[in-house]
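Asker: Listed in order, the protein sequences are those of chains X and P.
With the first letter of the first sequence counted as 1, position 459 gets the number 470 in our numbering; the numbers rise by one all the way through.
With the first letter of the second sequence counted as 1, position 76 gets the number 78 in our numbering; the numbers rise by one all the way through.
A hint or two may mislead.
As the list claims (entries may be wrong) - Think about it this way: if two alpha-carbon atoms lie no more than 25 Å apart in a straight line, the pair counts; the simulated DSS-like pairs of lysine-lysine are:
{"hint": "1", "chain 1": "X", "residue 1": "K607", "chain 2": "X", "residue 2": "K104"}
{"hint": "2", "chain 1": "P", "residue 1": "K343", "chain 2": "X", "residue 2": "K206"}
{"hint": "3", "chain 1": "X", "residue 1": "K290", "chain 2": "P", "residue 2": "K328"}
What the hints assert, rightly or not - Chain P is faced by these chain X residues, among others (derived, beta-carbon under 10 Å):
{"hint": "4", "residue": "N293"}
{"hint": "5", "residue": "M457"}
{"hint": "6", "residue": "M566"}
Think of the hints as simulated: they come from the structure by calculation, not from any bench.
Just so it is clear, the structure is predicted and the values come from calculations on it, not from any experiment.
Every residue, glycine too, gets a C-beta built ideally from N, C-alpha and C.
The primary structure of each chain is shown beneath.
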Amino acid sequence: MTTKERINIDDVVIRFAGDSGDGIQLIGTEFTNATALSQNDLGTFPDFPAEIRAPAGTLAGVSGYQIHFGSNEIHTPGDLCDVLVVMNAAALKKNLSNLKKPGIIIANEDGFDAKNLRLAGIADEENPIKNNSLDGYKVYIIPITKITRESLKASGLGTKEMDRSKNMFILGLICWMYQRPLAPSIEETKRRFAKNPAVLEANLKVLNAGFNYGETAEIIEEKFKVAPAKMKPGVYRGITGNAATALGLVAASVKSGLPLFYGSYPITPASDILHELAKQKNFGVITFQAEDEIAAISSAIGASYGGSLGVTASSGPGIDLKSEAMGLAVMLELPLVIINVQRAGPSTGMPTKTEQADLLLSFYGRHGEAPMPILAANSPTDCFDTIYEAARLAVEFMTPVTFLSDGYIANGAEPWRFPQTADLKGFKINLATSKDISDNKYYPYMRDERLVRTWALPGTPGLENRIGGIEKEDITGNISYDPKNHEKMVHIRAQKIANIADFIPLQALDSGPEKGKVLILGWGSTYGTIKTACQELKKEGIEVSHAHLKYMNPMPKNLGEILSSFDKVLIPEMNMGQLLMLIRAKFMIPAIGYSKVRGLPFSTHDIVDKVKEIL
Amino acid sequence: MENIQETEHIEAFTSKDLETDQEVRWCPGCGDYSILKQVQTVVPKLGLKRENIVFISGIGCSSRFPYYMETYGMHSIHGRATAIASGLKISRPELSVWIVTGDGDALSIGGNHFIHLLRRNPDVNILLFNNQIYGLTKGQYSPTSVEGQVTKSSPLGVLDHPFNPLALSLGAEASFVARTMDRDPKHLQATLHRAAAFKGASMLEIYQNCNVFNDGAFFIYTDKETKAASAIFVEEGKPLVFGENQNKGIRFNNGKPEIVDLTEGKFGISDLWVHDEQDPYKANLLSRFYDHPSEPGHFPRPFGVIYAKERRTYENIVHDQLDFAKEKMGLGDLDALIKGKQTWEIAD
Ligand code: SF4
């Protein structure tokens with residue numbers, strides 16, 4: 012078949028699936044890198060198993076990684092896949108419903124032996140690669156384990172060690188099928204096994220074996236060509252949401268000149284931010300792995316008090332634990348960034364699954380009137396811009412700010428036309444100086460015209476002062492139980508946050524006409540899906556508009572005007588209708604909600620169908 | 003020469019300079035007054051600049067403390083002063099950071115932060131005002147209340163076994179552990195001095211009388227008639243003696259501490275246990291002298307510096323690691339970091 016021409020395609024969705032010990036995430040990431048270097052636009056969706064070490068071969072242990080890439084703009088990891096690669100019976104059973112018909116299945120024959128069938132709960136006589144249940148698909152059954160062992164016969168490695176590199180066969184094979192370079196994977200493998208030459212050699216050998224299998228075995232009948240995407244000119248790299256969040260924080264620290272203090276407690280799916288930042292100590296970044304979530308935020312408040320950019324991060328349960336300290340930060344009026352990488356709740360919920368159900372928590376999850384700005388990132392790369400903006404608002408307005416991301420964009424990757432440091436906005440810092448002393452005293456709650464107070468850093472002579480969580484007297488900051496003063500302070504704190512609306516961009520439409528029948532109003536990680544749905548609808552001749560909120564609190568000043576320009580406003584959310592409730596309450600319009608709470612992102616056709624339903 | 007002295011000159015301030023314009027609101031007769039006075043006496047003698055001093059407190063009667071100190075201060079939330087102070091000290095090692103807390107604040111709601119601070123060992127001073135009661139919430143039992151104590155929330159007596167704060171601290175790897183009391187101003191002052199001078203986390207437990215809800219809890223250690231037999235004041239390099247006219251001592255008998263009578267002629271001073279602040283084994287034993295004074299044959303309650311052995315402070319190792327990273331990897335270059343390892347270009 013090697014003489015056969017490559018088939019040109021615009022885009023493709025590939026899903027790798029196997030046991031969590033099979034190295035699926037690794038080859039997914041490697042293939043993503045190779046794809047990015049092939050200049051395709053892309054979106055990815057790592058689908059982690061719930062358990063870290065579920066029994067091998069079982070449905071609970073199946074790990075998946077989906078990538079969508081093409082020569083067009085790609086905004087989602089795709090709904091159904093065109094190609095499903097499975098390492099065992101459980102992976103096929105769990106993922107077959109995600110495959111288009113007719114699609115391509117590449118299966119490891121050795122993962123369908125009696126033991127694997129039993130673990131997957133499939134009767135021997137129902138072995139899907141032996142009966143005709145896969146009719147209608149293009150099925151390639153390859154004895155991957157056997158081939159791997161065969162090619163490593165002379166390696167001197169044990170069977171177990173040999174089998175560990177079988178994922179590289181898949182990587183090599185799929186790279187051949189889609190004309191991806193092996194070089195980046197070779198580089199990465201060399202880096203990973205620098206200390207273990209025998210294993211390194213084995214991995215490279217199997218990687219090549221996979222590639223050559225495609226090239227020479229003439230079993231795979233099709234090979235494809237996906238032309239480079241027509242993307243904006245510039246220099247790109249690939250990045251996940253969590254990595255972009257970490258970089259955004261380092262950038263904010265460098266640009267503001269404020270040392271970064273990151274107080275955090277390990278939790279899925281936020282821990283990768285901690286891992287990324289812990290590598291940046293040469294930027295003076297302090298990462299403090301605290302004893303618990305409360306200490307994580309409290310230490311960040313302490314650091315902010317001392318003049319650092321204090322940041323804490325968590326997810327679901329950890330955010331609940333931080334709420335008291337968030338209230339303290341509201342009261343102290345100190346800069347602080349709280350990162351919430353949302354996951355499916357309540358309680359432990361589904362830690363590895365995504366959700367957007369903490370919006371109202373961010374608004375109202377503290378006792379008393381405790382407002383703070385809230386920003387939501389809409390894609391992996393947007394995490395960089397949004398966390399940077401969150402840090403800037405926190406510092407410039409002396410307030411805690413919540414940054415919302417979620418498991419879907421935190422782990423998802425996409426190409427990033429990264430900015431230059433010089434192009435990033437600067438920070439205005441409200442440091443108190445001796446100029447702020449009047450009649451021999453410094454008044455910590457004296458404010459400027461925006462109602463923002465100054466930041467008096469310990470160590471500055473003459474500014475000695477006391478602040479705290481007890482209600483304080485206007486201007487002096489002394490303890491006060493005066494009823495009128497309390498009311499005044501509640502209003503000042505609320506107005507200060509509301510005033511930020513004067514300093515943020517107006518809401519723009521992402522696509523569609525300025526007036527019309529339907530506006531889809533989204534926020535956070537639904538961005539790519541809604542955008543793609545709008546494009547699909549347009550192809551079908553249905554024109555809808557799309558606006559996507561980043562500034563959740565305060566909302567852009569012109570939002571009401573935009574909403575009133577449409578007959579219907581549809582709000583799709585991965586929750587029970589939280590933005591919906593806010594929009595209805597604030598603008599008194601009969602917005603239509605569309606919720607999905609399965610721990611999974613919306614698919615494009617979900618949105619397309621919903622729009623057609625309400626039209 | 004003169005010039006150098008001029009720039010290095012630390013503006014001297016007095017105890018008076020540490021008073022704020024805020025009216026002190028503790029109940030009249032509260033032990034907190036004495037502690038405030040002694041802290042205001044000791045702090046000016048430490049050679050610190052006033053602007054470099056920060057007092058951080060949690061919630062409770064004692065936690066009003068920062069409002070009465072003309073330094074930087076934060077009155078935070080219940081139990082978290084230790085965590086907030088950790089973040090401040092780690093990020094600003096040059097500051098002198100003090101934590102004012104109580105038995106409920108540090109040992110109950112903030113217990114976790116308390117023990118973790120001690121094991122990390124930042125150079126901060128913890129003043130643990132122990133009054134064995136919740137004062138601010140008006141009289142419920144605390145984690146140091148004694149079994150059987152009648153309080154508002156234990157009308158038939160406390161059932162919970164109390165914490166032993168010194169043993170808890172040593173168990174948490176504290177590097178400095180000491181005990182003193184409000185009603186012995188001289189000892190309080192001297193011990194405060196030691197705690198402040200120590201490089202590392204100093205845990206100073208201060209027995210503090212709450213004359214409203216738990217009056218007299220520690221009088222046995224200060225009253226003339228009972229003090230000698232109930233309290234032992236330990237000093238570095240000195241034998242452990244106590245009692246009326248120092249008539250009793252403590253010696254080791256087969257590795258176990260034993261009270262001996264020094265008047266009988268059987269044992270003399272040279273037979274006694276000599277206090278060694280740097281000996282963790284002895285410190286652990288001393289901290290176990292925690293029997294209720296009503297128990298027959300009980301050991302006297304030790305006061306003074308029980309354990310003081312410096313080890314690396316947390317903020318130092320944090321910053322050493324930052325320096326190491328800068329040296330090894332070079333100062334961070336933001337554009338290079340954002341660019342990452344693999345890029346590709348899309349041409350016009
Ligand atoms: S309640 Fe007790 S501890 Fe609190 S101020 Fe009054 S006397 Fe002091």
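Asker: Each hint should be assessed against the structure and marked as holding or not.
Answerer: Structure-based check of all given hints:
Restraint check for X:K607 and X:K104: the C-alpha separation of about 24 Å stays at or below 25 Å, so the hint holds. Between P:K343 and X:K206 the alpha-carbon distance is near 20 Å, which keeps this suggested pair within the 25 Å criterion. A threshold of 25 Å between alpha carbons decides the hint, and for X:K290 with P:K328 the separation of about 11 Å falls inside it, so the pair holds. Hint status for X:N293 relative to chain P: holds, with the closest Cβ pair at about 4 Å, below 10 Å.
For the restraint placing X:M457 at the interface with chain P, the shortest Cβ-Cβ distance is roughly 16 Å, beyond the 10 Å limit, so the hint is violated. Because the closest C-beta pair between X:M566 and chain P is about 30 Å apart, greater than 10 Å, the hint is violated.
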